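Input sequences plus hints: build the corresponding full structure.
Listed below are the residues making up each chain.
Number of protein chains: 4
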Amino acid sequence: MATEQHAELIKTLHDCAAACNHCFDACLQEDDVKMMAQCIRLDRECADICTYLEHAITRNSPFVAELAKACGAICEACAEECSKHEHDHCKKCAEACAKCAEACRNVA
Amino acid sequence: MATEQHAELIKTLHDCAAACNHCFDACLQEDDVKMMAQCIRLDRECADICTYLEHAITRNSPFVAELAKACGAICEACAEECSKHEHDHCKKCAEACAKCAEACRNVA
Amino acid sequence: MATEQHAELIKTLHDCAAACNHCFDACLQEDDVKMMAQCIRLDRECADICTYLEHAITRNSPFVAELAKACGAICEACAEECSKHEHDHCKKCAEACAKCAEACRNVA
Amino acid sequence: MATEQHAELIKTLHDCAAACNHCFDACLQEDDVKMMAQCIRLDRECADICTYLEHAITRNSPFVAELAKACGAICEACAEECSKHEHDHCKKCAEACAKCAEACRNVA
Numbered sequence: 001m002a003t004e005q006h007a008e009l010i011k012t013l014h015d016c017a018a019a020c021n022h023c024f025d026a027c028l029q030e031d032d033v034k035m036m037a038q039c040i041r042l043d044r045e046c047a048d049i050c051t052y053l054e055h056a057i058t059r060n061s062p063f064v065a066e067l068a069k070a071c072g073a074i075c076e077a078c079a080e081e082c083s084k085h086e087h088d089h090c091k092k093c094a095e096a097c098a099k100c101a102e103a104c105r106n107v108a
Numbered sequence: 001m002a003t004e005q006h007a008e009l010i011k012t013l014h015d016c017a018a019a020c021n022h023c024f025d026a027c028l029q030e031d032d033v034k035m036m037a038q039c040i041r042l043d044r045e046c047a048d049i050c051t052y053l054e055h056a057i058t059r060n061s062p063f064v065a066e067l068a069k070a071c072g073a074i075c076e077a078c079a080e081e082c083s084k085h086e087h088d089h090c091k092k093c094a095e096a097c098a099k100c101a102e103a104c105r106n107v108a
Numbered sequence: 001m002a003t004e005q006h007a008e009l010i011k012t013l014h015d016c017a018a019a020c021n022h023c024f025d026a027c028l029q030e031d032d033v034k035m036m037a038q039c040i041r042l043d044r045e046c047a048d049i050c051t052y053l054e055h056a057i058t059r060n061s062p063f064v065a066e067l068a069k070a071c072g073a074i075c076e077a078c079a080e081e082c083s084k085h086e087h088d089h090c091k092k093c094a095e096a097c098a099k100c101a102e103a104c105r106n107v108a
Numbered sequence: 001m002a003t004e005q006h007a008e009l010i011k012t013l014h015d016c017a018a019a020c021n022h023c024f025d026a027c028l029q030e031d032d033v034k035m036m037a038q039c040i041r042l043d044r045e046c047a048d049i050c051t052y053l054e055h056a057i058t059r060n061s062p063f064v065a066e067l068a069k070a071c072g073a074i075c076e077a078c079a080e081e082c083s084k085h086e087h088d089h090c091k092k093c094a095e096a097c098a099k100c101a102e103a104c105r106n107v108a
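Chains as they are written, first to last, in the working numbering: chain Y, 1 to 108; chain L, 1 to 108; chain Z, 1 to 108; chain B, 1 to 108.
Treat the hints with caution; some may be incorrect.
Any copy, or any two copies together, can satisfy a pair, since identical chains are not distinguished.
Said to hold, decoys possible - Mimicking DSS-like on lysine-lysine, the simulated pairs with C-alpha atoms at most 27 angstroms apart in a straight line are:
(1) 91 - 11
(2) 99 - 84
(3) 69 - 91
(4) 11 - 99
(5) 11 - 84
(6) 92 - 69
(7) 34 - 69
(8) 34 - 92
(9) 69 - 99
(10) 34 - 84
(11) 92 - 11
(12) 69 - 11
(13) 91 - 34
(14) 34 - 11
Just so you know, the hints here were simulated from the structure itself, not pulled from any lab data.
Quick caveat, the model's predicted, so the values are computed rather than measured.
Dropping the structure here:
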């Protein structure tokens with residue numbers, strides 16, 4: 001079953017989506033929101049696609065590889081943007097995204 | 001069929017989601033992003049739930065009324081926030097959200 | 001933070017979405033698919049809204065209560081349908097949905 | 001703006017998602033649901049990703065090409081499955097999916 005085969009990927013996607021959503025929320029509360037605009041945008045993109053892919057895996061979607069390819073590219077872009085910022089939520093998000101990008105590449 | 005019965009609601013939800021997503025994108029490109037933080041947050045909430053509900057109606061979901069109740073409350077909050085701002089995208093979004101809030105109340 | 005405050009709800013929603021998606025997949029592979037038609041429909045509804053709500057909580061959505069109200073009603077309907085069937089995946093799904101319905105009512 | 005640049009793709013995705021969701025609903029009401037099991041599965045996959053991509057375009061996502069690549073592959077698979085069946089909803093769905101697959105390939 002897909003859920004068992006991809007148990008680690010599911011956890012990685014889940015942690016990445018949570019980190020991105022937390023970073024989105026925290027960026028909107030920063031003093032300098034303007035500096036975080038691209039981060040806010042990519043956090044939403046990344047949280048959405050990770051959530052989507054996790055959900056697709058658990059329903060045994062036949063398209064995990066195709067979706068993981070897109071997800072990996074989005075995670076990579078979000079990791080790069082988040083790594084430019086010093087906020088703790090950005091650093092944690094960059095780390096979660098980089099890990100998730102690699103996990104996605106492995107199944108793509 | 002739900003799609004025919006709810007043809008007008010589907011269009012209203014669709015226009016509202018598009019207006020919210022456009023407002024989200026435009027707010028992130030404003031000079032004063034900080035002032036738009038709550039607008040950005042609510043635009044995402046509202047675009048997401050309108051998209052969700054539209055999608056649910058077309059699959060003949062038995063839960064249109066329950067979802068429309070939540071959607072209407074979110075549209076209302078987004079309309080209120082957007083109406084505080086003078087940007088053209090906010091004004092258009094406020095209008096689309098107010099119209100959608102009413103349409104949702106009618107089916108909830 | 002919403003994620004910490006709602007840690008248990010997040011887990012309950014996650015388990016419910018996974019159980020519903022697994023039940024959806026398994027129902028489509030049963031010999032008597034016709035008997036499972038309503039279960040397949042409600043599994044999709046329930047997995048989708050649980051995934052949506054979990055995602056909304058982690059982005060600190062101001063609308064957790066409104067969404068939880070709709071989610072609870074959907075979980076309840078899915079629990080009722082799944083409890084009519086003897087398949088192991090249906091029984092597990094009914095249990096996860098009943099638990100999630102109650103968790104949703106507590107925050108709604 | 002992405003919404004204007006991709007106006008035709010947005011309409012094509014929207015029509016495809018609606019056709020897939022209608023086919024999903026109609027398949028679940030057929031006499032021989034078992035024969036439609038793969039169609040039901042792919043209708044969900046295809047409706048979900050088309051809805052996702054349409055939503056992503058309207059928020060000016062930087063990842064339209066990556067997502068369109070996955071979406072095109074899913075549309076193609078759904079078109080192929082639906083074209084095996086004689087039901088009117090399957091034929092219309094196959095047509096909408098084939099058109100959408102081509103539109104996705106053009107932006108991927």
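Do the hints match the structure? See the list:
1. 91 - 11: Classified as both; 19 angstroms inside a copy, 25 angstroms across copies.
2. 99 - 84: Classified as within; 17 angstroms inside a copy, 40 angstroms across copies.
3. 69 - 91: Result: close within a single copy only, 23 angstroms intra versus 30 angstroms inter.
4. 11 - 99: both (11 angstroms within a copy, 22 angstroms between copies)
5. 11 - 84: Only inside one copy: residue 11 and residue 84 sit 25 angstroms apart there, 31 angstroms across copies, limit 27 angstroms.
6. 92 - 69: Within one copy, since 22 angstroms is at most 27 angstroms while 29 angstroms is not.
7. 34 - 69: neither (30 angstroms within a copy, 32 angstroms between copies)
8. 34 - 92: both (20 angstroms within a copy, 23 angstroms between copies)
9. 69 - 99: both (14 angstroms within a copy, 23 angstroms between copies)
10. 34 - 84: Both ways: residue 34 and residue 84 sit 14 angstroms apart in one copy and 19 angstroms across, limit 27 angstroms.
11. 92 - 11: both (16 angstroms within a copy, 21 angstroms between copies)
12. 69 - 11: Cα proximity of residue 69 and residue 11: in one copy and across copies (17 angstroms, 25 angstroms).
13. 91 - 34: Both ways: residue 91 and residue 34 sit 18 angstroms apart in one copy and 21 angstroms across, limit 27 angstroms.
14. 34 - 11: neither (32 angstroms within a copy, 33 angstroms between copies)
Of the numbered hints stated above, those contradicted by the structure are hints 7, 14, listed in ascending order.
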